[in-house]
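Undergrad: The sequence shown runs contiguously to residue 255 in full-length UniProt numbering.
Derived by calculation from the structure, the hints in this document are not laboratory data. Heads up, some of the hints might be wrong.
[Said to hold, decoys possible] Under the rule of at most 20 Å between Cα atoms (straight-line distance), these lysine to any residue pairs were calculated in the SDA-like manner:
{"id": "1", "residue 1": "K254", "residue 2": "L209"}
{"id": "2", "residue 1": "K194", "residue 2": "E168"}
{"id": "3", "residue 1": "K196", "residue 2": "V230"}
{"id": "4", "residue 1": "K77", "residue 2": "L132"}
{"id": "5", "residue 1": "K254", "residue 2": "L200"}
{"id": "6", "residue 1": "K171", "residue 2": "I151"}
[As the list claims (entries may be wrong)] Derived Cβ-Cβ restraints for the label pairs, each shown as a range:
{"id": "7", "residue 1": "T111", "residue 2": "K216", "range": "56 to 62 Å"}
{"id": "8", "residue 1": "V37", "residue 2": "E238", "range": "25 to 31 Å"}
{"id": "9", "residue 1": "W9", "residue 2": "I211", "range": "32 to 38 Å"}
{"id": "10", "residue 1": "N26", "residue 2": "T120", "range": "41 to 47 Å"}
{"id": "11", "residue 1": "K223", "residue 2": "Q127", "range": "45 to 51 Å"}
Computed from a predicted structure; not experimentally measured. Ideal placement from N, C-alpha and C gives every residue a C-beta, glycine not left out.
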Amino acid sequence: MIEISELFWKASVEEIVQGYVYDKENEAYICLICGEVFEKGIIYKDDNLYFEAERFVKHHINQVHSSMFDYLIDLNKKFTGLTDHQKNLLRLFHEGLSDAEVVKEMGGGSTSTIRNHRFTLREREKQAKVFLAIMQLLEGKNSPKEKFITIHRGATMIDERYAITEEENEKILNGYFRKGPDGPLQEFPVKKEKRKIAILRHIAKRFQLGIKYTEKEVNEILKAVYEDYVLIRRYLIEYGFMERERDCSQYWIKE
Numbered sequence: 001m002i003e004i005s006e007l008f009w010k011a012s013v014e015e016i017v018q019g020y021v022y023d024k025e026n027e028a029y030i031c032l033i034c035g036e037v038f039e040k041g042i043i044y045k046d047d048n049l050y051f052e053a054e055r056f057v058k059h060h061i062n063q064v065h066s067s068m069f070d071y072l073i074d075l076n077k078k079f080t081g082l083t084d085h086q087k088n089l090l091r092l093f094h095e096g097l098s099d100a101e102v103v104k105e106m107g108g109g110s111t112s113t114i115r116n117h118r119f120t121l122r123e124r125e126k127q128a129k130v131f132l133a134i135m136q137l138l139e140g141k142n143s144p145k146e147k148f149i150t151i152h153r154g155a156t157m158i159d160e161r162y163a164i165t166e167e168e169n170e171k172i173l174n175g176y177f178r179k180g181p182d183g184p185l186q187e188f189p190v191k192k193e194k195r196k197i198a199i200l201r202h203i204a205k206r207f208q209l210g211i212k213y214t215e216k217e218v219n220e221i222l223k224a225v226y227e228d229y230v231l232i233r234r235y236l237i238e239y240g241f242m243e244r245e246r247d248c249s250q251y252w253i254k255e
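With these hints in hand, go ahead and build the complete structure from the sequences.
TA: Written out as structure tokens, the structure is:
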């Protein structure tokens with residue numbers, strides 16, 4: 001399974017804007033939205049058009065995901081920090097509308113108010129740049145023990161439950177998967193939130209991103225992990241690691 005969440009959060013701002021990263025080791029371009037891989041040196045075809053790998057990943061993002069702007073603006077507030085009103089304004093700004101046109105599109109307000117919104121968003125951009133610089137300078141000072149696990153993008157709520165260091169995560173998994181990481185789960189800590197998240201995060205790796213599973217297939221995979229597979233399946237969905245159709249006909253790992 002490609003750790004698309006980890007790739008996304010480790011990507012630079014420039015890579016997130018373009019929507020893909022280049023994997024030097026495997027000589028491939030990886031879509032940051034869905035994790036699809038496009039190998040360098042292969043020619044890809046769509047209708048009667050032919051593309052080399054990097055051009056095709058750009059084509060893929062536009063055709064399959066509309067655009068990186070659309071994808072990013074639709075992310076949950078816990079990731080963007082934006083209110084619905086701010087998102088609507090940014091969509092209109094992205095379309096190139098003037099202040100007067102935005103007022104008309106919004107159905108009220110004044111051009112001076114829209115101008116103030118533009119100014120406020122520009123100031124936030126400046127603050128974000130300074131904050132990113134500070135965090136990059138801080139990154140080199142953190143020991144491996146202090147580094148936190150990657151939060152999956154499907155997380156339904158981000159709070160202190162996710163404050164799990166890589167060292168703490170390893171200890172949790174060693175304690176609950178005593179026959180090894182690919183072995184069965186000894187017990188499920190229903191009332192221990194940090195442990196629960198660490199375990200669910202690990203179990204989710206047994207499913208492939210981009211693959212849709214029937215409920216029977218999900219159950220078979222989870223039965224090899226824990227006898228109460230229904231409990232694990234429920235928590236995978238509840239904590240945003242997995243999604244399903246309303247009729248439970250298909251399940252998939254949340255991107």
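Undergrad: Next, verify each hint and record whether it holds.
TA: Each hint tested on the structure:
1. K254 with L209: holds (8 Å)
2. K194 with E168: holds (10 Å)
3. K196 with V230: Holds. K196 to V230 sits at ~15 Å (cutoff 20 Å).
4. K77 with L132: holds (19 Å)
5. K254 with L200: Given that 20 Å is the threshold and the Cα spacing comes to 13 Å, the pair holds.
6. K171 with I151: The given pair, whose Cα atoms are some 18 Å apart, holds under the 20 Å limit.
7. T111 with K216: 56 to 62 Å: Given range 56 to 62 Å: holds, Cβ gap about 59 Å.
8. V37 with E238: 25 to 31 Å: holds (30 Å)
9. W9 with I211: 32 to 38 Å: violated (22 Å)
10. N26 with T120: 41 to 47 Å: holds (42 Å)
11. K223 with Q127: 45 to 51 Å: holds (49 Å)
Of the hints listed earlier, the one the structure fails to meet is number 9.
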